[in-house]
Amino acid sequence: DTGVSQNPRHKITKRGQNVTFRCDPISEHNRLYWYRQTLGQGPEFLTYFQNEAQLEKSRLLSDRFSAERPKGSFSTLEIQRTEQGDSAMYLCASSLYSGQIQYFGPGTRLTVT
Amino acid sequence: DQQVKQNSPSLSVQEGRISILNCDYTNSMFDYFLWYKKYPAEGPTFLISISSIKDKNEDGRFTVFLNKSAKHLSLHIVPSQPGDSAVYFCAASAIQGAQKLVFGQGTRLTINP
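Sequence lines, in order, name chains Z and U.
Those letters in the first sequence? Residues 163 to 275, per our numbering, in order.
Those letters in the second sequence? Residues 64 to 176, per our numbering, in order.
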């Protein structure tokens with residue numbers, strides 16, 4: 163059973179550019195989460211999908227951020243017009259509907275120059 | 064508003080001794096608690112969890128204790144091994160709704176030979 167995978171692992175972009183990250187959850191996990199972690203802090207919740215439905219979004223998720231999970235499988239997180247403050251590790255996690263343990267991917271480290 | 068706090072940024076323990084990591088929470092709606100271990104450039108790895116209906120859960124060298132009246136939990140690792148050196152995050156969730164995780168800031172554990 164493969165774990166959660168994320169691509170790319172690292173992304174360096176210039177301020178103002180758009181970036182997109184992908185997350186492939188553990189197969190048959192119908193819940194998918196996105197978190198963001200900055201240096202010295204714990205991960206912070208961004209958004210949550212149950213199957214293909216995006217059911218909750220954090221106030222941290224400005225309108226420059228959009229996430230999708232078409233067909234309830236993989237998910238993408240897009241950041242438009244990146245700012246230096248977007249530099250962080252973006253983590254994806256998945257879980258079963260009935261389970262409370264979330265399994266995390268390796269993350270995508272974004273650096274905005 | 065930091066709902067989950069880990070007040071010790073770092074902890075140094077001799078190999079073979081007991082490591083005790085602490086975590087406090089403020090939100091009474093939390094009813095499930097997890098500990099994750101994180102190595103640099105990797106995503107958090109699930110270690111052990113506990114439901115609010117229990118006060119102790121044990122898995123090999125790892126034991127988590129929950130004191131609901133004090134809103135406090137701790138992770139005991141015994142005996143500590145060099146491979147345990149990592150950052151440990153405490154997380155909490157509520158069984159209702161998205162079950163999103165709220166993390167503490169982390170404690171860096173160093174095991175000295």
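Simulated from the structure, these hints should not be mistaken for lab results.
Predicted model, so just to flag it, every value in this text is computed and none were measured.
Mixed in with the good hints there might be a few duds.
Residues from chain U that face chain Z, not an exhaustive set, calculated with beta carbons under 10 Å [as the list claims (entries may be wrong)]:
#1 V67
#2 Y95
#3 T108
#4 F125
#5 F128
#6 G146
#7 S148
#8 F152
#9 C153
#10 G169
All C-beta atoms, glycine included, are put in the ideal place defined by N, C-alpha and C.
Going down the list of hints, with the structure as the test:
{"no.": "1", "hint": "V67", "in the structure": "holds (8 Å)"}
{"no.": "2", "hint": "Y95", "in the structure": "holds (5 Å)"}
{"no.": "3", "hint": "T108", "in the structure": "holds (7 Å)"}
{"no.": "4", "hint": "F125", "in the structure": "violated (14 Å)"}
{"no.": "5", "hint": "F128", "in the structure": "violated (18 Å)"}
{"no.": "6", "hint": "G146", "in the structure": "violated (19 Å)"}
{"no.": "7", "hint": "S148", "in the structure": "violated (18 Å)"}
{"no.": "8", "hint": "F152", "in the structure": "holds (5 Å)"}
{"no.": "9", "hint": "C153", "in the structure": "holds (8 Å)"}
{"no.": "10", "hint": "G169", "in the structure": "holds (6 Å)"}
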